[in-house]
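Residue numbers (the UniProt record's numbering), protein chains in the order written: chain A, 1 to 556; chain B, 1 to 353.
These are computed hints drawn from the structure, not numbers from a lab. Careful: at least some of the hints might be erroneous.
Listed next, with one range per pair, are the computed distances between beta-carbon atoms [claimed, not checked]:
hint, chain 1, residue 1, chain 2, residue 2, range
1, A, N7, B, R80, 24 to 34 Å
2, A, F471, B, G256, 27 to 37 Å
3, A, H507, B, N240, 41 to 51 Å
4, B, L43, A, R130, 47 to 57 Å
5, B, L215, A, D355, 47 to 57 Å
Cβ atoms here follow ideal geometry from the backbone N, Cα and C, with glycine treated the same way.
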Amino acid sequence: MTERNNNILLKIRGLRIEAYADENWVEIVHGVNLTLRRGEVMGLIGESGAGKSTIGLAAMGFARDGCRISGGTVEFDGMELTTTPQSDLRILRGARIAYVAQSAAASFNPAHRIIDQHTEAPVQYRIQKRMAAQEDAMTLYEKLRLPNPKEIGFRYPHQVSGGQLQRAMTAMAMACRPDLIIFDEPTTALDVTTQIEVLAAIRDIVNEYNTAAIYITHDLAVVAQMADRIKVLLKGEEVETAATEQMLASPQKDYTKSLWAVRSFERPQKERPVNSETPVISVQNVDASYTSGAKVLDDVSFDVFAGMTVAVVGESGSGKSTTARCITGLLPPSRGQVLFRGQPLPPRYQDRSKDQLRQTQMIYQMADTALNPKVRISEIIGRPAQFYGGLKGAALKNRVDELLDLIELDPARFYNRFPPELSGGQKQRVGIARALAAEPSFIICDEVTSALDQLVAEGILKLLDRLQNEFNLAYMFITHDLATVKAIADEVVVMRNGKVVEQGAKHEMFQPPHHPYTDLLLSSVPEMDPNWLTTVLEERGVDNLGEAATASSAQQ
Amino acid sequence: MSTFVIGYYAALIAASCLAAYFKKREAFLLLFSLTLASFVLGLIGGRPALNTITVAAAVIALAAGTAYAWREFLAILLPRELAKAIRTAPLTASFGLFVIFTYAVMGIFAPVIAPFGEAEVIAGAFDPPSEALLLGADQLGRDMFSRIVYGARNTVGLALAATLLAFFVGAIAGLFAAVKQGWFDQIMGRGADVIMSIPSLIFALLMLSIFGTNLMVIVVVVAIIYSPRVFRLSRAVAGNVVVMDYIEAASLRGEGTGYLIRKEILPNSMAPLIAEFGLEFCFVFLLMAGLSFLGLGIQPPTADWGSMVRENALLITFGEITPLIPAAAIALLTVAVNFVVDWMLFRSSGLKD
Chain A
1 MTERNNNILL
11 KIRGLRIEAY
21 ADENWVEIVH
31 GVNLTLRRGE
41 VMGLIGESGA
51 GKSTIGLAAM
61 GFARDGCRIS
71 GGTVEFDGME
81 LTTTPQSDLR
91 ILRGARIAYV
101 AQSAAASFNP
111 AHRIIDQHTE
121 APVQYRIQKR
131 MAAQEDAMTL
141 YEKLRLPNPK
151 EIGFRYPHQV
161 SGGQLQRAMT
171 AMAMACRPDL
181 IIFDEPTTAL
191 DVTTQIEVLA
201 AIRDIVNEYN
211 TAAIYITHDL
221 AVVAQMADRI
231 KVLLKGEEVE
241 TAATEQMLAS
251 PQKDYTKSLW
261 AVRSFERPQK
271 ERPVNSETPV
281 ISVQNVDASY
291 TSGAKVLDDV
301 SFDVFAGMTV
311 AVVGESGSGK
321 STTARCITGL
331 LPPSRGQVLF
341 RGQPLPPRYQ
351 DRSKDQLRQT
361 QMIYQMADTA
371 LNPKVRISEI
381 IGRPAQFYGG
391 LKGAALKNRV
401 DELLDLIELD
411 PARFYNRFPP
421 ELSGGQKQRV
431 GIARALAAEP
441 SFIICDEVTS
451 ALDQLVAEGI
461 LKLLDRLQNE
471 FNLAYMFITH
481 DLATVKAIAD
491 EVVVMRNGKV
501 VEQGAKHEMF
511 QPPHHPYTDL
521 LLSSVPEMDP
531 NWLTTVLEER
541 GVDNLGEAAT
551 ASSAQQ
Chain B
1 MSTFVIGYYA
11 ALIAASCLAA
21 YFKKREAFLL
31 LFSLTLASFV
41 LGLIGGRPAL
51 NTITVAAAVI
61 ALAAGTAYAW
71 REFLAILLPR
81 ELAKAIRTAP
91 LTASFGLFVI
101 FTYAVMGIFA
111 PVIAPFGEAE
121 VIAGAFDPPS
131 EALLLGADQL
141 GRDMFSRIVY
151 GARNTVGLAL
161 AATLLAFFVG
171 AIAGLFAAVK
181 QGWFDQIMGR
191 GADVIMSIPS
201 LIFALLMLSI
211 FGTNLMVIVV
221 VVAIIYSPRV
231 FRLSRAVAGN
241 VVVMDYIEAA
251 SLRGEGTGYL
261 IRKEILPNSM
271 APLIAEFGLE
281 FCFVFLLMAG
291 LSFLGLGIQP
301 PTADWGSMVR
311 ENALLITFGE
321 ITPLIPAAAI
331 ALLTVAVNFV
341 VDWMLFRSSG
351 LKD
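With the rest of the complex left out, here is chain A (with noise of 0.2 Å):
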């Protein structure tokens, strides 16, 4: 009995917190049990809001601002985190306890080399003198497989990619080699073909130092790859835990099967119209770059028709969002044209007619930044009916009722609220309303569902399919997640480097031969089965792995 007791690293017992909210408590984690062993990586999945990283802070002791843990415990190595003094916790977090958070870029203070921020814990907790911290730091940079692990840790953050960071700072947590590490959607912002090798990258170096972790995620795929059990929460309350195999074979409660089923929503691909029909937007040789740089786009060519839907996917870097800014006109090109119904559009936005701006488009990835905080839902959806329909009074608002009904929000509750009261898929589909006002006939969609959950995101494919019916909308969707492709798309862009690599209809891109990019992209997206990381790995080698796939894929 002690010896299991002893085996048990973590134990966490009716944990309850509050946040602060309208001046009041409002309880958002409802008493959660977890038990976690030395070793051992749990799996934490669910929607935002569903307490995820709330559990994973708190299992450092840790509340945010405008957070108290206000019931239940938490028992570290058989210390109790709850009543334990600030100066003491101190100790334990960073040396035995590390936290990974979701984006790198944004964690690393850009204004210090990362070896200097590595190797700040062990110095400080008097663990390593600075040189043998450096030393350490080098050994654990190849073992994460970083390029130059000699001398990558000696540059600033912003000279290494985002994967790179994301490993760095995996080899920061493990710099004192902690007990418990705490990972928190660290390769949510990465591209599929990066996220592999951090994934590989952070499995190995846990399991080599036999380090136990909370893996917060809400991609499934993600986590059957890294967890040894999974618990599934929703709303602050847990649904059900088993061991990852278990937990994907055969799902006991509702809620997470119907997780396990988002992925299945496909609508049915529609064939280029066989007239000669000429498109709705046609991208011709257009070459582009930023002022007086290298090109970022390069002979690029596509045609969108009517009532069909084009997907550019690439990994970010590659030239999609660019030439979304070539269409609308915010990025001149420097050669080629656009042309909508035929006709060239000018290539400046301030040179096009008030109906030409109207006819394109877009919709945003961040419904945060793309609706502006200060203004009233009824005035973001009402604003372009009023500027190009030139609707007043009660047409305004008859049309506003309108639009809040098409994208299925109750206009009696949302006519007067502001963008921060929304949560973030209700955001998106006022964004979609606002592109919709404007009576478009085709609408740039970039990366629309990519800071959404999947039960959301599912809702917004769903709705985008059921407008661009509804209305013939020609849509142009910019992502790197090739599910939401499979389910939306009718032909597919595939973007490398400013380069069209493979373009063509759905059904063919998704068959083989692939390009060997295509074929690096569309092998590099998690599955559902948690054998896959080994078999890719196994397959690719594990030096050909992201970085060093796309460079020997560019070779071929």
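Got chain A sorted already, so can you dock chain B onto it with the hints?
Just chain B now, kept in the frame of chain A:
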């Protein structure tokens, strides 16, 4: 040992013990350190020292009480959104608001409140305070209290006008510069640099000696001196807003610059601008008082706090505090405004929302 001294220590010790017993750590520390301090001071200064401490504590307690009651009063009176903000405000901010309210009442109703006119000679020079003369008389025998009341109207009113003008000019230029960018931004920015590079007092003295010291000139000159700071702030704040996607969406819609500034940018940069307004108001106020002190500001016989300090400065040598009263009026308003500004800065710094 008088009953006062015994009672004084007994009350403090009893309060300390109670605080300790009820585990009010902070209250206990405060009370007991006060006890120890008064013990030492009592030994050195005797009873008068204890009296001073009691009065000081009472004044602070009174101010805190006023601030608390004022906050509750405002919370009940104001509409829901504002009431929520007020309720979470610290006592200092509430105190600041109360002081500003008092000054506003004083300025607006000056003729009703003041027993005499601001230029009326009603007593001998430097007459001591009495029933009729609450704060005594100044160097020409005018009622000090009436002049302080009128001074609130003149000094504060003028400073307010100058600050408003500075904000109007600076904020509009800054917002336009942020949206237009390019050469417009460059010209405005370099222009602001030129004005800022000249020491403000010297610039003001120069301008006032060229154009003469009438009120319009003072207001315009002070506004010009302070508008570059507003320009820089509003340009920086708007610069952060301009890169947001909703601005891109609006300009892609074909909206003009006026709409962008009015509807999209201004609501999102209001909080820091308001905070800056409070701060600039203090500076403008002090500059105006300084100009008056040098004899270049508001001209006699108009009552003005700055010149009142100068005119009565002689009295200091006789150990009278009369010249310090207008100075204290300036100081109190400055502190009050800063209390409010601190609170607003805290609210706009992103810790709230």
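Problem - Violated constraints from the hint list, given by number and in increasing order - result: When the structure is compared with the hints, only number 1 turns out to be violated.
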